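So the sequence lines, in the order shown, correspond to chains A and B.
Numbering follows the numbering used here, in which position 7 of the first sequence is assigned residue number 7; successive positions increment by one, without gaps.
Numbering follows the numbering used here, in which position 50 of the second sequence is assigned residue number 50; successive positions increment by one, without gaps.
None of these hints come from the bench; they were simulated from the model.
It is possible that part of the hints are untrue.
Computed far set for chain B versus chain A, every beta-carbon distance over 10 Å [unchecked claim]:
| id | residue |
| --- | --- |
| 1 | Ser2 |
| 2 | Gln4 |
| 3 | Glu6 |
| 4 | Leu9 |
| 5 | Pro16 |
| 6 | Phe24 |
| 7 | Leu67 |
| 8 | Asp71 |
| 9 | Asp84 |
| 10 | Lys90 |
| 11 | Ser106 |
| 12 | Asp109 |
| 13 | Leu117 |
Capping the alpha-carbon separation at 25 Å, the derived lysine to any residue pairs in SDA-like fashion look like this [unchecked claim]:
| id | chain 1 | residue 1 | chain 2 | residue 2 |
| --- | --- | --- | --- | --- |
| 14 | A | Lys49 | B | Ser145 |
| 15 | A | Lys49 | B | Asp41 |
| 16 | A | Lys48 | B | Gln4 |
| 17 | A | Lys80 | B | Asp81 |
| 18 | A | Lys99 | A | Leu68 |
| 19 | A | Lys99 | B | Lys59 |
| 20 | A | Lys80 | B | Leu54 |
| 21 | A | Lys48 | A | Glu23 |
| 22 | B | Lys59 | B | Met45 |
| 23 | A | Lys49 | B | Pro35 |
| 24 | A | Lys48 | B | Ala137 |
| 25 | A | Lys48 | A | Lys80 |
| 26 | B | Lys59 | A | Asn29 |
| 27 | B | Lys59 | A | Met40 |
| 28 | B | Lys59 | A | Leu68 |
| 29 | A | Lys80 | B | Asp47 |
| 30 | A | Lys99 | B | Gly40 |
| 31 | B | Lys59 | B | Arg3 |
| 32 | A | Lys80 | B | Asp41 |
| 33 | A | Lys48 | B | Trp49 |
| 34 | A | Lys48 | B | Asp41 |
| 35 | A | Lys48 | B | Leu53 |
| 36 | A | Lys99 | B | Leu87 |
| 37 | A | Lys49 | B | Arg3 |
| 38 | A | Lys48 | B | Arg3 |
| 39 | A | Lys49 | B | Glu74 |
| 40 | A | Lys49 | B | Arg146 |
Bear in mind the structure is a predicted one, so any value in this text is a computation, not a measurement.
Even glycine gets a Cβ: it sits at the ideal position worked out from N, Cα and C.
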Amino acid sequence: MVSLIGGSGGSFAPETSIDSTTELSGVWNVIVLNDPVNLMSYVTMVFKKVLGMSGGDAEVHMMEVHELGRSVVWTGEREKAETYLYQLQEWHLTAILEKNESSA
Amino acid sequence: MSRQLEFRLDADAIRPIVQHVRGFLLELGEELATPNGAPGDDEIMSDFWSRDLLDSQRKDIAAIAELFDDDFMETGRATVDEEDVDLVLKGCTVIRLKLRESTLASIDDERLESGELRLSELTNEQEGGYGAYVLFASLQELIISRIDP
Numbered sequence: 001m002v003s004l005i006g007g008s009g010g011s012f013a014p015e016t017s018i019d020s021t022t023e024l025s026g027v028w029n030v031i032v033l034n035d036p037v038n039l040m041s042y043v044t045m046v047f048k049k050v051l052g053m054s055g056g057d058a059e060v061h062m063m064e065v066h067e068l069g070r071s072v073v074w075t076g077e078r079e080k081a082e083t084y085l086y087q088l089q090e091w092h093l094t095a096i097l098e099k100n101e102s103s104a
Numbered sequence: 001m002s003r004q005l006e007f008r009l010d011a012d013a014i015r016p017i018v019q020h021v022r023g024f025l026l027e028l029g030e031e032l033a034t035p036n037g038a039p040g041d042d043e044i045m046s047d048f049w050s051r052d053l054l055d056s057q058r059k060d061i062a063a064i065a066e067l068f069d070d071d072f073m074e075t076g077r078a079t080v081d082e083e084d085v086d087l088v089l090k091g092c093t094v095i096r097l098k099l100r101e102s103t104l105a106s107i108d109d110e111r112l113e114s115g116e117l118r119l120s121e122l123t124n125e126q127e128g129g130y131g132a133y134v135l136f137a138s139l140q141e142l143i144i145s146r147i148d149p
């Protein structure tokens, strides 16, 4: 990001600051949303296959999706989050990305 | 040597259900079964993303079409090769999602999930759709129980 700030002493002195953060930087959450179709056993299996979760963790997240309507199944940098998002969608789970605001 | 899962069904009973599903397999090659898409507003990325998802979905559907081919319609016997298991599992979901939003759209989630449906309340089309919905769920459960006990 580039900002131009008026300097002191009447002259206009451009002051440039570079902010390396972009819209896509930071930490992202991969979120799976509930749907009325997918079986609990299927969702659990997909979490294990795609995200490498243990059986116990996969079941906890599956129940969270089922009971709360959504579960954050992975958190981390954008590129990897997109990869997981695509894979979950390829298994026909409804999944989205959201920026993890608490890490900003 | 790759393993195979084999199952047998009553071909006469299953024929109308499979016919019902075959009716919309082509449609599923043209549109995604879920409202999924790429994150963000980048149109080019979004286009690639959706196209890749659709290509992937076409492979899932092809695996289902191959499973319930003409040979199955005669014998009721089908086999799933180990390397096709993921495609078949995903294909079952695609079909169930499609049934949910089309043939079974007027039935509420709770009744559909619990199975508390009176067949007499259903139209012939809904009956076929519901049969397919249950069949593909059972197939998924069966495969998952074998590969992920």
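Evaluation of the provided hints:
1. Ser2: 18 Å, holds
2. Gln4: Non-interface label stands for glutamine 4 of chain B: nearest chain A Cβ at 19 Å, farther than 10 Å.
3. Glu6: Given that every Cβ of chain A is farther than 10 Å from that of glutamate 6 of chain B, nearest at about 21 Å, it holds.
4. Leu9: Holds: least Cβ distance 19 Å, greater than 10 Å.
5. Pro16: Consistent with the label, proline 16 of chain B stays out of reach of chain A, its closest Cβ about 22 Å off (over 10 Å).
6. Phe24: The claim holds: phenylalanine 24 of chain B sits with its nearest Cβ about 15 Å from chain A, beyond 10 Å.
7. Leu67: Holds, since 17 Å exceeds 10 Å.
8. Asp71: 27 Å, holds
9. Asp84: 15 Å, holds
10. Lys90: About 6 Å separates lysine 90 of chain B from the closest Cβ of chain A, which leaves it inside 10 Å; violated.
11. Ser106: 14 Å, holds
12. Asp109: 4 Å, violated
13. Leu117: Non-interface label on leucine 117 of chain B holds, nearest chain A Cβ at 14 Å vs cutoff 10 Å.
14. A:Lys49 with B:Ser145: 15 Å, holds
15. A:Lys49 with B:Asp41: 29 Å, violated
16. A:Lys48 with B:Gln4: 22 Å, holds
17. A:Lys80 with B:Asp81: 31 Å, violated
18. A:Lys99 with A:Leu68: At roughly 19 Å apart (the allowed maximum being 25 Å), leucine 68 of chain A and lysine 99 of chain A satisfy the hint.
19. A:Lys99 with B:Lys59: Not satisfied, since the Cα-Cα distance of roughly 32 Å exceeds 25 Å.
20. A:Lys80 with B:Leu54: This hinted pair holds, its Cα atoms lying about 21 Å apart.
21. A:Lys48 with A:Glu23: 30 Å, violated
22. B:Lys59 with B:Met45: Holds. Lysine 59 of chain B to methionine 45 of chain B sits at ~21 Å (cutoff 25 Å).
23. A:Lys49 with B:Pro35: OK: lysine 49 of chain A and proline 35 of chain B at ~22 Å, within 25 Å.
24. A:Lys48 with B:Ala137: This hinted pair holds, its Cα atoms lying about 19 Å apart.
25. A:Lys48 with A:Lys80: Status holds; Cα separation ~17 Å.
26. B:Lys59 with A:Asn29: 29 Å, violated
27. B:Lys59 with A:Met40: With Cα atoms ~23 Å apart, lysine 59 of chain B and methionine 40 of chain A stay inside 25 Å; holds.
28. B:Lys59 with A:Leu68: 32 Å, violated
29. A:Lys80 with B:Asp47: 19 Å, holds
30. A:Lys99 with B:Gly40: At roughly 11 Å apart (the allowed maximum being 25 Å), glycine 40 of chain B and lysine 99 of chain A satisfy the hint.
31. B:Lys59 with B:Arg3: Answer holds: lysine 59 of chain B to arginine 3 of chain B is near 20 Å, not above 25 Å.
32. A:Lys80 with B:Asp41: 18 Å, holds
33. A:Lys48 with B:Trp49: 23 Å, holds
34. A:Lys48 with B:Asp41: Status violated; Cα separation ~30 Å.
35. A:Lys48 with B:Leu53: 20 Å, holds
36. A:Lys99 with B:Leu87: 31 Å, violated
37. A:Lys49 with B:Arg3: 19 Å, holds
38. A:Lys48 with B:Arg3: 21 Å, holds
39. A:Lys49 with B:Glu74: 35 Å, violated
40. A:Lys49 with B:Arg146: Within the cut-off at roughly 15 Å; holds.
Comparing the model with each numbered hint stated earlier shows that hints 10, 12, 15, 17, 19, 21, 26, 28, 34, 36, 39 do not hold.
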